[in-house]
Each structure stands twice: as structure tokens, then as C-alpha cells.
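Q: So the chains spell out like this:
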Amino acid sequence: EDQVTQSPEALRLQEGESSSLNCSYTVSGLRGLFWYRQDPGKGPEFLFTLYSAGEEKEKERLKATLTKKESFLHITAPKPEDSATYLCAVIGGSNYKLTFGKGTLLTVNP
Amino acid sequence: NAGVTQTPKFQVLKTGQSMTLQCAQDMNHNSMYWYRQDPGMGLRLIYYSASEGTTDKGEVPNGYNVSRLNKREFSLRLESAAPSQTSVYFCASSQTDSNQPQHFGDGTRLSIL
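These protein sequences, in sequence, are chains A and B.
My numbering numbers the first residue of the first sequence as 1 and each following residue consecutively.
My numbering numbers the first residue of the second sequence as 1 and each following residue consecutively.
Keep in mind that the hints were calculated from the coordinates and are not lab data.
Be careful, since some hints might not be right.
[Unchecked claim] Only some residues are given here: those of chain A computed to face chain B with a beta carbon under 10 angstroms: (1) Ala10; (2) Leu11; (3) Gln14.
[Said to hold, decoys possible] What follows is a list of derived Cβ distance ranges for each label pair: (4) B/Pro61 <-> A/Phe46: 19 to 27 angstroms; (5) A/Glu58 <-> B/Gly63: 39 to 47 angstroms; (6) A/Glu60 <-> B/Arg77: 37 to 45 angstroms; (7) B/Thr5 <-> A/Gly93: 47 to 55 angstroms; (8) B/Ser98 <-> A/Pro8: 44 to 52 angstroms; (9) A/Glu9 <-> B/Thr15: 31 to 39 angstroms.
[Stated by the list, open to error] Covered stretches of chain B (in silico footprint by chain A; criterion: 3 or more residues with CB under 8 angstroms from a CB of chain A, positions within the stretch not fixed): (10) 31 to 42; (11) 99 to 111.
Don't be surprised by glycine CBs; every beta carbon is placed ideally from N, CA and C.
Using the sequences and the hints given, assemble the complete structure.
A: Put into C-alpha cells, the structure is as follows:
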């Protein structure tokens with residue numbers, strides 16, 4: 001069974017204070033790892049897909065990296081508008097179903 | 001560009017009532033999904049449709065039925081609502097079900113009294 005564990009559950013940062021969110025996964029044959037952002041009252045918004053260890057993707061202040069066991073979402077000089085819940089999900093080779101972690105609630109204070 | 005549209009946005013039901021949640025996508029995607037999101041549980045897959053004409057059970061299918069009406073539309077039906085089905089329901093779609101990202105609607109918030 002595919003499993004995804006995200007840490008920390010919640011993270012509070014000051015504006016400009018860089019940090020990283022972790023996503024550890026157990027999957028049989030990774031087909032893809034996905035990062036989403038979810039704002040209150042909204043659906044998850046797709047950010048990145050990573051397919052193989054060593055791959056990196058960037059978008060504005062966000063950078064996602066992937067190893068064989070985990071992924072990191074690095075946030076550089078965050079702004080209050082980056083406050084959201086960040087979700088990690090994987091698709092494994094044994095099925096075609098997306099397995100989500102429980103998310104990290106990020107709060108960036110001005 | 002609407003993406004994935006869900007209706008209604010909010011609904012309150014009494015135990016035993018039935019209702020259908022509607023979902024439509026305009027991205028010409030082949031695969032569609034229904035999830036529920038509960039505090040502390042994360043997103044859990046209820047049913048999915050890999051392509052038009054096919055449906056399959058996900059992690060938590062009991063108490064639900066689905067219909068893939070056409071390529072654009074995928075509905076979720078609660079035949080006899082129970083308080084345990086109080087949740088936020090999300091519909092999603094993707095180009096294929098293999099390794100493409102899923103795109104989500106903004107959800108239906110359902111309360112069952």
C-alpha cells in the first residue's frame with residue numbers, strides 16, 4: 001500500500017524566513033510525485049510534478065526536489081500570500097490512484 | 001477557462017435523503033475522480049473513471065454511486081445519506097490516469113443532520 005507522510009504538520013514563518021517542507025513516501029515503483037497548494041475553502045491547486053530522483057522544479061519562490069524516499073518543497077523568502085496548506089501526493093506502479101499526505105499548514109507572518 | 005466545475009457548493013441534508021453531486025470539466029480530460037476531505041484524514045478517493053464508459057471503486061466507496069455521463073461529466077450520488085458522509089467533496093480530472101497531474105474543482109460542502 002502506498003503511503004505518504006508530510007512534516008511538519010504546521011509551520012509558522014516570518015516574512016522572508018526561508019524553510020522546507022518534507023514529504024516522505026513509500027511506493028512500489030513511483031510513477032509521479034505531485035505538490036499542491038490548497039487555500040481555505042478552495043480545491044487543491046496543482047504546483048509541480050516530479051518523476052524521477054534528482055529532478056527539480058521551480059516556480060517563483062517555490063522549489064521542489066525529489067530523492068528515492070522523499071521530496072522537499074523549499075520556500076525562499078516567503079511572503080504572507082504563500083500561506084496555505086501544501087499537499088504532497090504520489091502515484092505508484094501497483095495502481096493508478098493518487099495517494100495524498102495530510103498536508104503542511106504554512107503560515108507566513110508579515 | 002473554468003477547469004473543473006462542481007455544483008452545488010453547499011448542501012444540507014437530513015439523514016436518509018438522497019442527492020447527486022455534479023461535476024463537469026472543460027479540459028478534454030479522459031480521467032475523472034471523486035474525493036472526500038475530512039479533518040485529520042486527508043483526501044481519500046471514493047470512485048474514479050479512467051475513461052468514458054468505465055468506473056472503479058477507490059478507497060472509500062461504500063454508500064456512494066457514480067455515473068460517467070459523458071467525457072465531460074461525472075456525478076456522485078448518495079442514495080441514503082448518513083451523518084458519517086458529512087464532508088467536503090472534490091471532483092478532479094486528468095489527461096490520463098497513469099502519471100498526469102489531477103486538477104480539482106472547489107468542492108461541495110455537504111452536511112448531513
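Q: Could you run down the list of hints and mark each one as holding or not?
A: Now the hints, each set against the structure:
1. At its closest, the beta carbon of A/Ala10 sits 13 angstroms from a beta carbon of chain B; the interface hint therefore is violated under the 10 angstroms criterion.
2. Below 10 angstroms, beta-carbon pairs count as interface contacts, and A/Leu11 has none with chain B, the closest being about 17 angstroms; its hint is therefore violated.
3. Restraint check, A/Gln14 versus chain B: the minimum CB separation of about 27 angstroms is more than 10 angstroms; hint violated.
4. In this structure the supplied range 19 to 27 angstroms holds for B/Pro61 paired with A/Phe46, their Cβ-Cβ distance being about 25 angstroms.
5. Between A/Glu58 and B/Gly63 the beta carbon distance is about 42 angstroms. The supplied range of 39 to 47 angstroms therefore holds.
6. Separation of A/Glu60 from B/Arg77 is about 40 angstroms and conforms to the stated range, judged on CB atoms against 37 to 45 angstroms.
7. Hint check: B/Thr5 to A/Gly93, Cβ distance near 32 angstroms, so the stated range 47 to 55 angstroms is violated.
8. At about 32 angstroms, the beta-carbon gap between B/Ser98 and A/Pro8 misses the expected band of 44 to 52 angstroms.
9. Range check, A/Glu9 to B/Thr15: Cβ separation about 32 angstroms, and the 31 to 39 angstroms hint holds.
10. Counting residues of the segment 31 to 42 of chain B whose beta carbon lies closer than 8 angstroms to any beta carbon of chain A gives 4, which meets the minimum of three for the stated coverage.
11. Under the rule that three or more residues need a Cβ within less than 8 angstroms of chain A, the assignment of the segment 99 to 111 of chain B holds, with 9 such residues.
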